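A.B. asks: Listed here are the chains, written in short residue letters.
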Amino acid sequence: MAITGNESVLESVVPKRVAPGTRERGAQPSLALPEQPLITGGAPAGEVWPSLNFRELWAYRELLYFLTWRDIKVRYKQTAMGAAWAVVQPFVTMLVFTLFFSIFIGVPSDSIPYPVFVYAGLLPWTFFSSAVNNCSGSLVGSSALITKVYFPRMVIPVAAVGAGLVDLAVAGAILIGLVFVYGLAPTWNLLMLLPLVLITTVLAIGVGLLISALTVRYRDVRHALPFVLQIWMFASPIIYPQSVVPVKWRWVLTLNPLTGVIEGFRSALAGREFDWFALGLAAAISSALLVTGVLVFRRLERVFADLI
Amino acid sequence: MRPIIKVENLGKQYGFGGLHPSYMTFREAAAATLMKPFRRVRRRGLQPASAERLWALKDVSFEIEPGEVVGLIGDNGAGKSTLLKILSRIVEPTTGKFELYGRIGSLLEVGTGFHPDLSGRENIFLNGALLGIKRVELQRRFDEIVAFSEIEQFIDLPVKWYSSGMYLRLAFSVAAHLNTEILTMDEVLAVGDISFQQKCIDKVNEIREQGRTILFVSHSMAAVTRLCERVILLDKGRVVSDGPAAEVVNSYMGESLNVAAVREWPDPRSAPGNEVVRIRRVRVRTKEGDTAPQVDIRSPVGIEIIYEVLQPNQILTPSFDLFNEQGVHVFAVHDVGLEWRREPRPVGRYVSTMWIPGNALSEGHLMVQASILSYHPGLRLHTREPNVVTFQVVESAEGDSARGDYVGAVPGVVRPLLPWQTDFYQMTDMPPGDIGGRRVSE
Chain A
6 MAITGNESVL ESVVPKRVAP GTRERGAQPS LALPEQPLIT GGAPAGEVWP SLNFRELWAY
66 RELLYFLTWR DIKVRYKQTA MGAAWAVVQP FVTMLVFTLF FSIFIGVPSD SIPYPVFVYA
126 GLLPWTFFSS AVNNCSGSLV GSSALITKVY FPRMVIPVAA VGAGLVDLAV AGAILIGLVF
186 VYGLAPTWNL LMLLPLVLIT TVLAIGVGLL ISALTVRYRD VRHALPFVLQ IWMFASPIIY
246 PQSVVPVKWR WVLTLNPLTG VIEGFRSALA GREFDWFALG LAAAISSALL VTGVLVFRRL
306 ERVFADLI
Chain B
5 MRPIIKVENL GKQYGFGGLH PSYMTFREAA AATLMKPFRR VRRRGLQPAS AERLWALKDV
65 SFEIEPGEVV GLIGDNGAGK STLLKILSRI VEPTTGKFEL YGRIGSLLEV GTGFHPDLSG
125 RENIFLNGAL LGIKRVELQR RFDEIVAFSE IEQFIDLPVK WYSSGMYLRL AFSVAAHLNT
185 EILTMDEVLA VGDISFQQKC IDKVNEIREQ GRTILFVSHS MAAVTRLCER VILLDKGRVV
245 SDGPAAEVVN SYMGESLNVA AVREWPDPRS APGNEVVRIR RVRVRTKEGD TAPQVDIRSP
305 VGIEIIYEVL QPNQILTPSF DLFNEQGVHV FAVHDVGLEW RREPRPVGRY VSTMWIPGNA
365 LSEGHLMVQA SILSYHPGLR LHTREPNVVT FQVVESAEGD SARGDYVGAV PGVVRPLLPW
425 QTDFYQMTDM PPGDIGGRRV SE
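Order-wise, the sequence lines are chains A and B.
Reading the first sequence from the start, the letters are residues 6 to 313 in the numbering used here.
Reading the second sequence from the start, the letters are residues 5 to 446 in the numbering used here.
You may find that some hints are simply not true.
[Stated by the list, open to error] If you anchor each label on the Cβ, the simulated ranges turn out as follows:
hint, chain 1, residue 1, chain 2, residue 2, range
1, A, V296, B, S168, 53 to 61 Å
2, B, L58, A, R255, 31 to 39 Å
3, B, D206, A, A89, 43 to 51 Å
4, A, Q41, B, P270, 56 to 64 Å
5, B, Q330, A, K82, 25 to 33 Å
[To be verified] Derived BS3-like pairs: lysine-lysine, alpha-carbon spacing no greater than 25 Å straight-line:
hint, chain 1, residue 1, chain 2, residue 2
6, B, K101, B, K164
7, B, K291, B, K10
8, A, K153, B, K101
9, B, K138, B, K62
10, B, K101, B, K62
11, A, K153, B, K207
12, A, K153, B, K240
13, A, K153, B, K138
14, A, K78, B, K138
15, A, K82, B, K10
16, B, K10, B, K101
17, A, K78, B, K240
18, A, K78, A, K153
19, B, K164, A, K153
20, B, K62, B, K240
21, B, K101, B, K240
22, A, K153, B, K62
23, A, K153, B, K291
[Claimed, not checked] Covered by chain B, according to a simulated footprint, are these stretches of chain A (three or more residues, beta-carbon under 8 Å):
hint, region
24, 66–72
25, 158–171
These are computed hints drawn from the structure, not numbers from a lab.
Fair warning: this is a prediction, and the values are worked out from it, not measured in the lab.
A virtual CB, placed ideally from N, CA and C, is assigned to each residue, including glycine.
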């Protein structure tokens, strides 16, 4: 299934308007048809891994924008606190974690004030885990759309991630505030926050696509996901620094792309040296997961309307 | 003329039961994978029986030319909606392929993209994006869309507070402003009140006049015959008939009711009747004498009954009752010709024909009931045969029927062509205090 041709072709086939009544019943209008079909479709002919149609995705960019905007708009409808929830959740978690892990247990934090330390970990984590969570139910929740209108289905989970980005931006403002409260001098390292967010987004879209497509096929995913995310959280250096893990096992932690991202967040805020190897690895693994997610999604996509 | 839609051997198979791979749970899929080496042994257990698979669509091929308005009809489950869903690329076919030489838009189940918490205005943009309408295009036509939906004053309220009628009107308005070359519609005309339905029909006619191609699914045979030039009849996923609207609709109606334009009883023993009289044949005929499943609304139509009188000296009256699609009793009529009205009849075969003049009936299907009675010496019903024959009154838009220049649905069980008179006066000629019309005394 593919849209061939570009928008200028589409414009040229829009029929000229004929004044009502001038056309007799059964008479054919003068209408220039394109030489090649605009839309073709058929039974899958052996191609197991369909390619991604970037042109089509681009054509539906407005839909992505509107769905993201809808998700944001609807999320805090009829709530008294509105978008403040995006701040309250990570902030209160930060307070609780600081109380238990820093004050009671005394977890080290690489000479960064623990609230900043844990918040820098919670921020990308909250974004990632809520994005993946929202993705998992997104397709099933949009079954009315999927069974009735055609559009690239990928738009739905990607919009779920996009809505999470807005929450991330709001919660990020608190982080900047914390940096000033604890008197950390801002450095040029802060500029790295953007590429770090980009890596996290790529990772969230990759995992989100995978999870959303699998949820359509196997509803089991819904039951497994909270538990998998919990394990993933402990496998990421959010409440503890990477340095507490024995050197022998540190490579396991590095395979988790969120490790590079979270440590990168801390480096950006505290102005310390970046671990470029870990960051490069995180970017590579995230990209690989995105490609996998896209491929699996495209493969399962064709049966969504039949299964959902 | 090159076709705008080409469909070749389209088929769609659905599997039922837990054993089709698409419907397995993760645990079943894992079990199936583990069992793979033993598949030969367990094959019978894992393969769904053929009875669990259903071809919702099978070997469907057709071509549609630009500007054609094609109706898709058939019983529930015949595959009409599946076909539209495949062409709209919502589901993928199991076999075959299709080509579209234009963009396709759908009025399928309008309002599905609406979010209850968003306002009407916001939903217009969201719905437009879903249907593939560009934002600039929507902004340009926004006022037009809102005006069409007739809900201007509620446009900034969340749609969850709308009545269902308002909701559907707004949804239809967005979809009706789709600018694609091909438009599919699935029973959308059943939306809203009478005046809004009329607006929808006018809109469809406007779309048609723009030369766009329409695929129209409906269970209203009257709407299909009026709006479509061509009809494709589907039955159990196959195309069983494809041709001029009136013909296909009529054969479908006749088939589903198991009634045709002629009914004959070759065996006198099974013919309806009693020891006095029995009916041998009833048919719908034209002036030329041909059996006619469809008649033009402007032409006279005859209902002919052939019956045999078995006992001498009986006074008999044949009678017909006509019912329309809604079961409304359109009229009852019996033979009032003086020739046999009070005459005892000799034994023999009689042919009586009742003539309905042109421009009397409404368009649509009519069902005929035939009876034979006696009024003398006392009332006696010899035989009554309901649903004996059927015919369709069809109408073209040539303008010389009672329809005139109006293109929508004309209500009423009959549609007589009646004379009208209009007199013209200069304003100054009109006597003061006399508002139009001649005085009776003249």
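A.B. asks: Run every hint past the structure and note whether it holds.
C.D. replies: Evaluation of the provided hints:
{"no.": "1", "hint": "V296/A with S168/B: 53 to 61 Å", "result": "45 Å, violated"}
{"no.": "2", "hint": "L58/B with R255/A: 31 to 39 Å", "result": "56 Å, violated"}
{"no.": "3", "hint": "D206/B with A89/A: 43 to 51 Å", "result": "50 Å, holds"}
{"no.": "4", "hint": "Q41/A with P270/B: 56 to 64 Å", "result": "58 Å, holds"}
{"no.": "5", "hint": "Q330/B with K82/A: 25 to 33 Å", "result": "45 Å, violated"}
{"no.": "6", "hint": "K101/B with K164/B", "result": "40 Å, violated"}
{"no.": "7", "hint": "K291/B with K10/B", "result": "41 Å, violated"}
{"no.": "8", "hint": "K153/A with K101/B", "result": "20 Å, holds"}
{"no.": "9", "hint": "K138/B with K62/B", "result": "36 Å, violated"}
{"no.": "10", "hint": "K101/B with K62/B", "result": "12 Å, holds"}
{"no.": "11", "hint": "K153/A with K207/B", "result": "22 Å, holds"}
{"no.": "12", "hint": "K153/A with K240/B", "result": "22 Å, holds"}
{"no.": "13", "hint": "K153/A with K138/B", "result": "19 Å, holds"}
{"no.": "14", "hint": "K78/A with K138/B", "result": "21 Å, holds"}
{"no.": "15", "hint": "K82/A with K10/B", "result": "46 Å, violated"}
{"no.": "16", "hint": "K10/B with K101/B", "result": "8 Å, holds"}
{"no.": "17", "hint": "K78/A with K240/B", "result": "45 Å, violated"}
{"no.": "18", "hint": "K78/A with K153/A", "result": "23 Å, holds"}
{"no.": "19", "hint": "K164/B with K153/A", "result": "21 Å, holds"}
{"no.": "20", "hint": "K62/B with K240/B", "result": "8 Å, holds"}
{"no.": "21", "hint": "K101/B with K240/B", "result": "19 Å, holds"}
{"no.": "22", "hint": "K153/A with K62/B", "result": "21 Å, holds"}
{"no.": "23", "hint": "K153/A with K291/B", "result": "50 Å, violated"}
{"no.": "24", "hint": "66–72", "result": "holds (count 5)"}
{"no.": "25", "hint": "158–171", "result": "violated (count 0)"}
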